[in-house]
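Visitor: Once you have looked at the hints, place chain P on chain H.
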Amino acid sequence: MSFLELRKVSKRYGEGGAEVLAVREVDLSVEAGELVAVMGPSGSGKSTLLSIAGTLEDPTSGEVSVGGAPVSAMSRNEKARLRRRSIGFVFQDFNLLAGLTAAENVSLPLELDGTPAKKARVAAMTALASLDIAERASHYPDQLSGGERQRVAIARAIVGNRRLLLADEPSGALDSLNGDAVMRLILAACKRGVAAVIVTHDAQLASWADKVVFIRDGQVVDQTVPPPSPESLLAQSPAKR
Amino acid sequence: MSVRHALLALLSEGPKYGLQLRQEFEASTGDVWPLNIGQVYTTLQRLERDGLVESDGSAGERPQNAFRITRAGEQELTAWLRAPTDMTAPPRDELVIKILSALRVPGVDVQDVVQAHRRYLVELMQQWTRLKEDEAEFDLSLALVVDAELFRLDSLVRWLDSASGRLKRASVEPPAKSPAPLFRRRLVVRR
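Chains as they are written, first to last, in the working numbering: chain H, 495 to 735; chain P, 717 to 907.
Hints listed in this document are in silico derivations from the structure and should not be mistaken for laboratory results.
The calculated lysine-lysine pairs, modelled on DSS-like cross-linking and capped at a C-alpha distance of 27 Å, are: (1) H:705 x H:502; (2) P:884 x H:705; (3) H:685 x H:613; (4) H:685 x P:848; (5) P:848 x H:705; (6) P:884 x H:502; (7) H:573 x H:685.
Just chain H, with the same shape it has in the complex:
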């Protein structure tokens, strides 16, 4: 079974004439170690889908399971624990807490989960070091560049033993080189066995994924087939076409 499974998931907001079907019968599965991109225009339902996958919102119908456990059978507390322990979120605007240093931002989810402060701090430093930003650990978010803030946000999302990484437009307003750096970090997490989903409208970002799922009006309309090796591009170059 895949690490993340969505089966016939729908989400309805409002009632009667004001009813909006934001997500319609979406099936999505993500294996451990796999990076899946959900690509669609704004208002297509992709962020709602991510909230449902991250157990932040309940679907109106359908089933979500994370690590083989059906989310519908979990209490609110169990869902909160699942989020703290197994799921990391990365948002477009980073969502770092301004009053905490980079290291404190990263260790916070562990401490909230009951990890002793010292142990949480060590795990945070390890995560920051893996993203080459340990030397900025004691800086506050407003002392960091956009690229550095996003690294801290990714460190917070992968700290401890998180198995699922969910990212909403993870390169935010970063330029394309910093965007590449962010995607390399997410890919490195996948190589360690993390299952990851990014939602984006940006084809350059989506093209880092193993599989790109296209969503329109809340429905999955298409998906890419696994790409052949890039060597085929070098052989089939314009001069020979």
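Guide: For chain P alone, kept in the frame of chain H given last:
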């Protein structure tokens, strides 16, 4: 692509042989654009005819002939580097023509046509992006070529996204009387 000027650029570093030029050209484009040795010699002959390069012996396919850039060649190269590439005339892009044509064909869902092309382009981008994964093995020439290709494909995907949005909006508004104003208006291009 101007092979002529690319060869002049390689010769601006110093005299070189035909085979060497071919190898260096391929390496400098990250091996994305292979070059036929016949094309190298034909181009060198023309450059020599135009006085932009000169060789030790008589121009030809003799591999022992070393070529060097002339003063005129250097001037031509410098002028070419800064001369704007002509982008004034919109190219007759087949993709654009396909989407415009799809609007006219009864029973065709244009959004499906848009999606078929979008998926193909994203799949192609996935292949190019694989080349970026290992930063350490990514040399500068290849990085520049891969970026150029990704930005080019990305601009097409963005155009498809915008076309898709326009089509969606048009489908909820009352249909325009045929022929649509888009087709009637002449786009005047300065040449």
